[in-house]
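Guided by the hints, dock chain B onto chain A, whose structure is given.
2 protein chains.
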Amino acid sequence: MSHTQIPDQMTTVVLDSYSGPEALRVEQRPVPKPGKDEVLVKVAASPINPSDLAFLGGNYGFDNPPPVVPGGEGSGTVVAVGPGAMGRYFLGKRVACLSNGQKDGIWAEYVVASTKGGVFPLNKSVSLEQGAMSVINPLTASAFLEITKEGGHKAIVLTAAASALGQMVNRLGRSEGIQVINVVRRDEQVQLLKAQGATVVLNSDDVDFDRQLHDACHEYDAHLAFDAVAGPMTGQLLKALPENSTVTVYSCLSHKAPQTNVDQIVFQGKTITGFWLGPWLYSNKNLLQILMLWRRSQKLIGTDLKSEIRARYPFQESRKAVQEYTNQMTGGKILLKPTT
Amino acid sequence: MSHTQIPDQMTTVVLDSYSGPEALRVEQRPVPKPGKDEVLVKVAASPINPSDLAFLGGNYGFDNPPPVVPGGEGSGTVVAVGPGAMGRYFLGKRVACLSNGQKDGIWAEYVVASTKGGVFPLNKSVSLEQGAMSVINPLTASAFLEITKEGGHKAIVLTAAASALGQMVNRLGRSEGIQVINVVRRDEQVQLLKAQGATVVLNSDDVDFDRQLHDACHEYDAHLAFDAVAGPMTGQLLKALPENSTVTVYSCLSHKAPQTNVDQIVFQGKTITGFWLGPWLYSNKNLLQILMLWRRSQKLIGTDLKSEIRARYPFQESRKAVQEYTNQMTGGKILLKPTT
Numbered sequence: 001m002s003h004t005q006i007p008d009q010m011t012t013v014v015l016d017s018y019s020g021p022e023a024l025r026v027e028q029r030p031v032p033k034p035g036k037d038e039v040l041v042k043v044a045a046s047p048i049n050p051s052d053l054a055f056l057g058g059n060y061g062f063d064n065p066p067p068v069v070p071g072g073e074g075s076g077t078v079v080a081v082g083p084g085a086m087g088r089y090f091l092g093k094r095v096a097c098l099s100n101g102q103k104d105g106i107w108a109e110y111v112v113a114s115t116k117g118g119v120f121p122l123n124k125s126v127s128l129e130q131g132a133m134s135v136i137n138p139l140t141a142s143a144f145l146e147i148t149k150e151g152g153h154k155a156i157v158l159t160a161a162a163s164a165l166g167q168m169v170n171r172l173g174r175s176e177g178i179q180v181i182n183v184v185r186r187d188e189q190v191q192l193l194k195a196q197g198a199t200v201v202l203n204s205d206d207v208d209f210d211r212q213l214h215d216a217c218h219e220y221d222a223h224l225a226f227d228a229v230a231g232p233m234t235g236q237l238l239k240a241l242p243e244n245s246t247v248t249v250y251s252c253l254s255h256k257a258p259q260t261n262v263d264q265i266v267f268q269g270k271t272i273t274g275f276w277l278g279p280w281l282y283s284n285k286n287l288l289q290i291l292m293l294w295r296r297s298q299k300l301i302g303t304d305l306k307s308e309i310r311a312r313y314p315f316q317e318s319r320k321a322v323q324e325y326t327n328q329m330t331g332g333k334i335l336l337k338p339t340t
Numbered sequence: 001m002s003h004t005q006i007p008d009q010m011t012t013v014v015l016d017s018y019s020g021p022e023a024l025r026v027e028q029r030p031v032p033k034p035g036k037d038e039v040l041v042k043v044a045a046s047p048i049n050p051s052d053l054a055f056l057g058g059n060y061g062f063d064n065p066p067p068v069v070p071g072g073e074g075s076g077t078v079v080a081v082g083p084g085a086m087g088r089y090f091l092g093k094r095v096a097c098l099s100n101g102q103k104d105g106i107w108a109e110y111v112v113a114s115t116k117g118g119v120f121p122l123n124k125s126v127s128l129e130q131g132a133m134s135v136i137n138p139l140t141a142s143a144f145l146e147i148t149k150e151g152g153h154k155a156i157v158l159t160a161a162a163s164a165l166g167q168m169v170n171r172l173g174r175s176e177g178i179q180v181i182n183v184v185r186r187d188e189q190v191q192l193l194k195a196q197g198a199t200v201v202l203n204s205d206d207v208d209f210d211r212q213l214h215d216a217c218h219e220y221d222a223h224l225a226f227d228a229v230a231g232p233m234t235g236q237l238l239k240a241l242p243e244n245s246t247v248t249v250y251s252c253l254s255h256k257a258p259q260t261n262v263d264q265i266v267f268q269g270k271t272i273t274g275f276w277l278g279p280w281l282y283s284n285k286n287l288l289q290i291l292m293l294w295r296r297s298q299k300l301i302g303t304d305l306k307s308e309i310r311a312r313y314p315f316q317e318s319r320k321a322v323q324e325y326t327n328q329m330t331g332g333k334i335l336l337k338p339t340t
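Just so you know, the sequences run in chain order A and B.
Take 1 as the starting number for the first sequence in the working numbering and just add one per residue.
Take 1 as the starting number for the second sequence in the working numbering and just add one per residue.
Source of the hints: derived by calculation from the structure; they are not laboratory data.
The model shown is predicted, which means the values in this text are computed figures rather than measured ones.
Hints may be right or wrong, so weigh each one.
Just so you know, same-sequence chains aren't split out, so a pair can sit in one copy or run between any two.
Said to hold, decoys possible - Listed below are the simulated DSSO-like cross-link pairs for lysine-lysine, each with C-alpha atoms no more than 27 Å apart in a straight line:
| no. | residue 1 | residue 2 |
| --- | --- | --- |
| 1 | Lys103 | Lys194 |
| 2 | Lys103 | Lys239 |
| 3 | Lys124 | Lys337 |
| 4 | Lys103 | Lys299 |
| 5 | Lys154 | Lys36 |
| 6 | Lys42 | Lys256 |
| 7 | Lys285 | Lys154 |
| 8 | Lys256 | Lys239 |
| 9 | Lys239 | Lys337 |
The shape of chain A in the complex, shown without the other chains (with noise of 0.2 Å):
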């Protein structure tokens, strides 16, 4: 193990105010010291996630006052540790962190994260590249999963099903012999997930949309929804499902609160509740359980977890990354790197 020299100062990309990309820039700061059960970690990638677009339009559930430093996930080598038992562990290991949204976040040469569930082992088989992908959606994969598969259920819908998530959500669902019912809103989204096996695969801009998804939901017994675009779509989710069952919203890709309806709540026995990925795995698992997960995922990483990647760009180039990000969200992740 080479004990790297640790710098003072450190790249950070740093967010003025929450109003998206345009209040980015790169400032220096200096590096952070861990704390009793912290690591410092010199990050290698982090990707541009939906949920950083949110946070950067103070849309998340994070809400540190700016400047902050923006970023929910990456990668990189545990080169300092502070007291606490488990940081021996991991320095100079290879791993993944995952932002607790009390501290800066990952798009920073260097990042303080918990052991406590901050910071996971990468397989030896995982590059820093697609380590940096592979805490928030192939966990939140691996959580739908476990969600669907607690409640009993054989199907589900799944909205903006072309994401990198809706990818991996379909792979996970077919090892597992869940049928998939997956909502887009184009064409070549429909094509895409069909050439990748997936049977049904609906796109909410046909006219009879409402119909198919009402008649897939009855067809294939879909009591679950997982939805990331709220507004409207929450309430057609609601409408086409049958009674007693439920929508799970995610993410909120509308910009709209999730409609309601009386009748459906009411009537129909149907429910509304959300999901985050922090608050499910810190509250409903020890930590033996988070690092099994998390264990589980990592062998799929090269395969149904995977994340393919179409940009890398330096801090310095962050506010264009994100934009072009926000242009085309699908097709690939862009991941954000230190230049050094």
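For chain B alone, kept in the frame of chain A given last:
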């Protein structure tokens, strides 16, 4: 036991279209015959409930094609029985009945009810008039307390809290040590509930209402609301409640869809769900459990689960009676009765 002579024809209240009290009229119809596991009840009285108003306006979960006989519950005496083991037990008994929406309702001189959960024996101490109001509100109030206790809640929020149901929930809550945070719309309702011993009663018209509600929810650690109002009130409840709370909508007095907020659903882990008495009774409980719940509830009909009566009208004046109740829903129930 005296065998009453059953006529061929009877007076019924009929709704011609789902367009409110103007569509009510009286009609002579053949007296129905009880089939297998059914009894024929000679009706004594039937209240006008908020759920009946929703039904008359086409805003309820039942939607038999009109013309249809309304009336969700009532009381009477079993005068004939169809084949089936339970029927003989009920013959001659004073009972309460609950409409399941699959047949005509209770606003008629005679009604057929199912021995499988649609008809309940009245305690000797319960009058036919109190018995007429002893299913929907008393069992709903009992259900709310059961849901509260099963969820481990020590405090709940209740909207439209001055209703007959709301007053019952308050009395049961006091008996069982559950803190009720009451929400009403008028100062006289605040006074009414406080005079009955309620400790927390908020007026949603107060300019400061949102803050008061937030503070009360957090002070008493309330994570569950029962909401009869829906519309913006549901959104206000979602915002006021702490993380991981549930708003259970059970009526729609605002005539507006429950409002949501993606922050509250996704990032605060809050849930909107519904309550409807019939499915809650019949999907969760077997007949023995329903009868045990009924017996506990009957014992409290003279006290915690008592309803006040403010007026009685014959079926012929049902339109006037419904209009009077629509104009003033608190201050005692209005009963409809056959003239005979």
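At 27 Å max between alpha carbons, let me know whether Lys42 reaches Lys256 within a copy, between copies, both or neither. Neither: 38 Å inside a chain and 53 Å across chains, both beyond 27 Å.
Taking 27 Å as the upper bound on the Cα-Cα distance, should Lys285 and Lys154 be classified as within, between, both, or neither? Both: 24 Å inside a chain and 25 Å across chains, each within 27 Å.
Please sort Lys256 with Lys239 into within, between, both or neither, judging by C-alpha distance up to 27 Å. both (18 Å within a copy, 16 Å between copies)
Could you figure out if Lys154 and Lys36 sit no more than 27 Å apart (CA to CA) within one copy, between two copies, both or neither? neither (44 Å within a copy, 36 Å between copies)
Reference check for the pair Lys103 and Lys299, CA-CA at most 27 Å: within, between, both, or neither? neither (29 Å within a copy, 57 Å between copies)
Can you give me the call for Lys103 and Lys239, within, between, both or neither, at a CA distance of at most 27 Å? This pair counts as between: shortest inter-copy Cα distance 25 Å, intra-copy 41 Å.
At 27 Å max between alpha carbons, let me know whether Lys103 reaches Lys194 within a copy, between copies, both or neither. neither (41 Å within a copy, 47 Å between copies)
Can you give me the call for Lys239 and Lys337, within, between, both or neither, at a CA distance of at most 27 Å? Close neither inside one copy (44 Å) nor across copies (38 Å); limit 27 Å.
27 Å Cα threshold - placement of Lys337 relative to Lys124: Cα proximity of Lys124 and Lys337: one copy only (21 Å, versus 80 Å across).
This entry does not satisfy hints 1, 4, 5, 6, 9, going by the numbered hints stated previously.
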